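Novice: Please work from the sequences and hints to get the whole structure.
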Amino acid sequence: MNKLEERARKYYADLFDHLDSHQFVKMMLYDDCFVIEFLLAMFEFCVVEDKHQQSHVGDEVKVSWKRIQIGNDLMLLENQLPFFVISEFYDMSYDMIVTQNPNQIHHDPTSTPTLTKMAMLPILEKLP
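All letters in the sequence shown, in the order written, are residues 1 to 128 by the numbering used here.
If you are wondering where the hints come from, they were derived from the structure by calculation, not from laboratory data.
All figures in this text were calculated on a predicted structure; none of them were measured in a lab.
All clues stand as given, with none of them false.
With a cut-off of at most 27 angstroms between alpha-carbon atoms, the simulated DSS-like pairs for lysine-lysine come out as follows:
id	residue 1	residue 2
1	K10	K26
2	K26	K66
3	K66	K126
4	K62	K126
5	K117	K3
6	K26	K3
Computed Cβ-Cβ distance ranges for the label pairs, DEER-style:
id	residue 1	residue 2	range
7	H18	L124	35 to 41 angstroms
8	L124	Y12	23 to 29 angstroms
9	V47	H18	37 to 43 angstroms
10	E6	L124	32 to 38 angstroms
11	S64	E37	14 to 20 angstroms
12	D17	C46	37 to 43 angstroms
13	K62	Y30	20 to 26 angstroms
14	I68	N2	31 to 37 angstroms
15	E37	L124	15 to 21 angstroms
16	V47	L19	33 to 39 angstroms
Quick reminder that beta carbons are idealized off the backbone N, C-alpha and C, glycines included.
Specialist: Structure (structure tokens):
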């Protein structure tokens, strides 16, 4: 995440001069974790038909008004992390999961959510 800091800072209107490098990277990491966890839960909520198998779906996704509000907040420009930061973090996280659990990961491209596919879920939910 440190290597993304300089480029990421250029995407914000606020220069975040009050945050040193460590604080800025920590902010990006927390934001990344929240966004990716929410999108993974949305994906599981939308794709897994057996609701008892939805192990990662919390109230932020199950309760429709919370899901909609978080989706709306994610689309606000002032709340957005640069997509390349989220993408890089998602790729690093996925690679780490596969490395640590090689026997538990099924490499089925149709069941593996891409970041782009997951990012569309809050938008698609709003369509009639």
